[in-house]
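**Student:** Letter by letter, the chains look like this.
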Amino acid sequence: MLHPDRLFPADPTTRDIARRLYTGVKDLPIISPHGHTDPRWYAENEPFANPASLFVIPDHYIFRMLYSQGIALEKLGIPRLDGGPVETDPRKIWRLFAANYHLFRATPTRMWLDHAFETLFGLTDRLNAGNADRFYDVIDAALKTDAFRPRAMFERMKIEVISTTDGALDDLKWHRMIRESGWKGRVVPAYRPDAVVDPEFKGFRENIAALARISGCDTDTWDGYLAAHRQRRAYFKTFGCTSSDHGHPTAATGILSPEDAAALYARVITGPVSAADAEAFRAQMLTEMARMSIEDGLVLQIHPGSFRNHNAGIMESFGRDMGADIPQRTDYVKALKPLLDQFGTDPRLAIILFTLDETVYSRELAPLAGHYPCLKLGPAWWFFDAPDGMWRFRDLTTETAGFYNTVGFNDDTRAFPSIPARHDVARRVDCAFLASRVVAHRLDEDEAHELAYDLAYRLAKEAYRL
Amino acid sequence: MLHPDRLFPADPTTRDIARRLYTGVKDLPIISPHGHTDPRWYAENEPFANPASLFVIPDHYIFRMLYSQGIALEKLGIPRLDGGPVETDPRKIWRLFAANYHLFRATPTRMWLDHAFETLFGLTDRLNAGNADRFYDVIDAALKTDAFRPRAMFERMKIEVISTTDGALDDLKWHRMIRESGWKGRVVPAYRPDAVVDPEFKGFRENIAALARISGCDTDTWDGYLAAHRQRRAYFKTFGCTSSDHGHPTAATGILSPEDAAALYARVITGPVSAADAEAFRAQMLTEMARMSIEDGLVLQIHPGSFRNHNAGIMESFGRDMGADIPQRTDYVKALKPLLDQFGTDPRLAIILFTLDETVYSRELAPLAGHYPCLKLGPAWWFFDAPDGMWRFRDLTTETAGFYNTVGFNDDTRAFPSIPARHDVARRVDCAFLASRVVAHRLDEDEAHELAYDLAYRLAKEAYRL
Amino acid sequence: MLHPDRLFPADPTTRDIARRLYTGVKDLPIISPHGHTDPRWYAENEPFANPASLFVIPDHYIFRMLYSQGIALEKLGIPRLDGGPVETDPRKIWRLFAANYHLFRATPTRMWLDHAFETLFGLTDRLNAGNADRFYDVIDAALKTDAFRPRAMFERMKIEVISTTDGALDDLKWHRMIRESGWKGRVVPAYRPDAVVDPEFKGFRENIAALARISGCDTDTWDGYLAAHRQRRAYFKTFGCTSSDHGHPTAATGILSPEDAAALYARVITGPVSAADAEAFRAQMLTEMARMSIEDGLVLQIHPGSFRNHNAGIMESFGRDMGADIPQRTDYVKALKPLLDQFGTDPRLAIILFTLDETVYSRELAPLAGHYPCLKLGPAWWFFDAPDGMWRFRDLTTETAGFYNTVGFNDDTRAFPSIPARHDVARRVDCAFLASRVVAHRLDEDEAHELAYDLAYRLAKEAYRL
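Chains as they are written, first to last, in this note's numbering: chain R, 1005 to 1470; chain H, 1005 to 1470; chain X, 1005 to 1470.
Hints should not be assumed to be uniformly reliable.
Since the list gives no way to pick out one identical chain from another, each pair is judged satisfied if it fits inside one copy or across any two copies.
[As the list claims (entries may be wrong)] The calculated lysine-lysine pairs, modelled on DSS-like cross-linking and capped at a C-alpha distance of 30 angstroms, are:
id	residue 1	residue 2
1	Lys-1341	Lys-1206
2	Lys-1338	Lys-1206
3	Lys-1148	Lys-1030
4	Lys-1079	Lys-1465
5	Lys-1341	Lys-1079
6	Lys-1162	Lys-1177
7	Lys-1241	Lys-1341
8	Lys-1162	Lys-1148
9	Lys-1079	Lys-1096
Just so you know, these hints were derived from the structure itself, not from any lab.
Required output: the full structure, derived from the provided sequences and hints.
**Tutor:** In structure tokens form, the structure reads like this:
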């Protein structure tokens, strides 16, 4: 099912170049500097329960597409907030998924799944209603063996290092357990403080109180609150953390005086918070995080631009993260200027920018990253982490920012078996892109080999200081 | 002139796949679920007058390009509002058009015209000043024969069903005449109520009064006004109507309480209307139309984003629809949320979204359609209904929304002889796109054959409930 | 190093067509209707000083990329405003540049440099740390010969005509010196009045005073100020000027009454200027410039959308034009309407529109240029003046605006040795684009040959009235 030339250009000469480039990088270890796998998996190393709970139920790429074609989330076993009845038989969920596998034609989800089925489970035909049970049985049997426990899969996938994403209030007990277990797999946390940075985050004030408890700092004051962040960041660093991550609605940054910032903080932790104050506070906090990055060396990742939980009905019945996050227009040029005015020329600062608005690749992000030493471009993100999206990213950024202001690949996934597939897609697309430049004599092949290695391995490691 | 491989990829392997896919769909009947042909043609079945009045004078794609290069509209026979002199000799108009045929190089207009010249009239050389008279004579002679009357052409074009677009105040007499004639051609209306929904539409209040007369409802009240819409929709349905269509400046939708909506309605039908009230009323009416769609099953089409009649001088001299409609930035994520909050999870609702702002394909429309069951994406529209535009549509939507959240092709034309050409272009481009995915092993060829059929025929029929 | 097929499509059939098209245009003289070379070069005809001052120090494309990777501008010899120490040894600067040549992989800068090294200096290997000194020595020796003085290079490059860009206050003494020298090279100025049109331009009021002195007009009044512009434009025309050029933050145009315009002018030349007044004044001045263009025949170029000098730290240490200009979202549809309402149908008016926001190509600019006779599209600009950017320009504009509403190529450069390289890239990309349309049977090859000539030579000459 997996053709050795998949994703390579059609033209035979270009395809040959792409093949040669890919040969040099296909077996490199995986650097996964940003993602959402659960550290508990590696800590406890328990088997995954069944095919549906491994592949279908936790993957919003899958259930959003099925839902879009009229399949109720209840039938896919997604738990309702009210505890109402949902399908609990994993085999029935699997059959429904299999019968609708055609919906994923030409999507990345299909490619990741085919890759996992074949390389992990030896399943080489196309999933459909007819072979659904056989797929289920093969996968289910495999999952019950030691070779498919999380650590064994981690090693088989050749993951050199993986970062999870962890809330500021997380005690990192799973990370501690991994460390203390003596297992050699390198799993590090990333500092994601949205719940204590975004006044519109659910439970913000309770989160601030918890931050005080967990950090021992007095979060009733602006200075205490900042000290708590510093404390947590230092704590995360003891587990190998090298980056923070921020998922804001916009890329706005702020440049308030300490007095104004303290006053704003006092407002957001007490009275009802206006939308303007919430935005101003998030903006100021990006600048504060940049300041702390300069101090402690964590790389600052900014992931802006998603309208979260757009579907009110689904939000009410099923809660957050149900595939209803929709990108919006996002501006960076004015948004980042306050932060850059303050820290933009500091050689210690490292910021990685992401976007869900492809119009900014050529207009804003490549010109910014092609100038500011502190700015680099994260790879094509989320909806765009797919062959066409990756190609557009390179097409729209390379002429202005080059390759060396980008940071290699992030798989950004909570779908564990998709990790090798995702890195393989990125390597293939980058090799195809490089081959297209070689065949047009815009790049020499020896340079392309070096770049293929850099994009597959070196840049991620260096940009994330791993 | 028409090469059998036109629009297929250059790479020989990919081209072969595209050819095979196209062979399976090229002769399928035409489903034309959205367009602007005149029902009177089919009702009266009178011959078209002459080549200029068939091809040039009614086609704003043609005269906007000629005008852009300094050719006065008067010389093309476009009537002036003041009745001032314009060219009336169709042969002179034709010669001017022919002498400037090079302006259309690599545009879709050129492709549609070449297709019509060759397939309908057997003219196989390229139009130019030298052969203009011969083209004129051949076409003119053909138009005088029964084989070129509208119904005969309709049948020769293998149109299985075509929808016209009809104002809410239209008595549908031509549709009635078609039904009563016993002719088997299937021509259905679509409900386009802009003139009684948009307070900034010319003659809005007179239109509302006419709506009262034609519906028998009391349009002085909000409830009566809504009842009038229900009445007209039901009337349209008796002629086979399956969809409504809405051409608003933005995609804004509203979610007013019945009281606030009634108060807003009272304002827009009495005093001078503010721009804000006009926008709020159009927005609320999209939501009302969605509510009625749930009740009566009409599919809701939204065509937003055009700045109409941008050229003030042309508007003054020649009036509306003179090729001066210019797209604008259009946002959907916040705009559609009020409607979706109210009806977004109702399984009976079907909305087809169009855009003139290609930046929203990947950022907003594909994520929305890849989630909401009620939303599907209309094909590349208007300026983008052309090979490059169609390709970008697929490139930018498929990875997120797949193929099955799209609805096949609309020709959307008032240029009758261009209908087969337009569907042929769409089929060729879709086959080329599918072939590019097959050759990169992202899709199997058997799947591509099924998809080619779906995109050319099945999806349009199902999405429009035809 | 320079492969004869560079930038041509990979598919052999398409490549053959591209080669044939290119053969017909590669040796055409260069029309350079918009650029930033220094007229003093041609006037004095002094040798260029050394490789670093010819290639590195004045080229913000080069030093912005080096800076983005952490190389201090001081090390590249960029002078500081405070006169602080910077590198002064051109050989050391050259070595630093050479050691980082890999940063430019797949960027246009790399392509332009390789072209200049090989065609002007016979250097056929790839620049790197190892051959840096040899490159330096070869170039330095050549620059000391008469064959590398500006006029000799101008002639060798086959420049038929070049336009410089000159401030409204410029006395054009170098242009005068060129004329009086008897040299046959055709060098003309362009009228760029930003310094006396933009109230936010540094020294605006002093500039207005200087305008009074140089024009002899009373710039204390609105009428006198407009008369001064007319006087300067007429003066520029005596040196062959055929165009004006305007670099505004937005594309806004105005339509004030003479009284309101006079009042606005009085405000901007006296009290502190609000941002709104500054924008309104720039907007009004674009309309005034259009009025003058109708009178005197200068072609009006609009270059909007750059956030100038975005990096506050660099602005403070090094001043303007240090590679920190970042594009922003730019709207044209509403922005241009006031000007177009007043002059949009005047057959004497010629406006050339540029953009740094590629989203407007298909949404706004192609529809506008495909309708208004006074509007044409300038080529892909600045960051987009590169193979991928040029391809996107054609891909996104041709179906709506055709080729004949575009104006051929601008090199827009201050990097003298890059001029032939830039025109060569444009010719190759256009031939590649045309070939892709020929191979898909969207265009006949004889038409493509004519178009290749038009795009390489004729359209620029005609659009700029040269």
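**Student:** Compare the structure with each hint and give your call.
**Tutor:** Hint check results:
Taking the closest pair of Cα atoms, Lys-1341 and Lys-1206 come within 30 angstroms of each other both inside a single copy (29 angstroms) and across two copies (21 angstroms). Taking CA atoms no more than 30 angstroms apart as the test, Lys-1338 paired with Lys-1206 passes in both settings, with 28 angstroms inside one copy and 21 angstroms between copies. Proximity of Lys-1148 to Lys-1030 under the C-alpha cut-off of 30 angstroms is restricted to the intra-copy arrangement: shortest distance 29 angstroms within a copy versus 51 angstroms between copies. Taking the shortest alpha-carbon separations for Lys-1079 and Lys-1465, only the inter-copy value of 28 angstroms comes in at or below 30 angstroms, while the best intra-copy value is 41 angstroms.
Within a single copy, Lys-1341 and Lys-1079 get their C-alpha atoms only as close as 47 angstroms, which misses the 30 angstroms cut-off; across copies the closest is 25 angstroms, which meets it. Within a single copy, Lys-1162 and Lys-1177 get their C-alpha atoms as close as 24 angstroms, which meets the 30 angstroms cut-off; across copies the closest is 69 angstroms, which misses it. When the C-alpha separation of Lys-1241 and Lys-1341 is checked against a cutoff of 30 angstroms, the pair qualifies only within one copy, where the shortest distance is 28 angstroms, while the shortest distance between copies is 41 angstroms. In this assembly of identical chains, the alpha carbons of Lys-1162 and Lys-1148 lie at most 30 angstroms apart only when taken from the same copy (21 angstroms versus 58 angstroms across copies).
When the C-alpha separation of Lys-1079 and Lys-1096 is checked against a cutoff of 30 angstroms, the pair qualifies only within one copy, where the shortest distance is 9 angstroms, while the shortest distance between copies is 67 angstroms.
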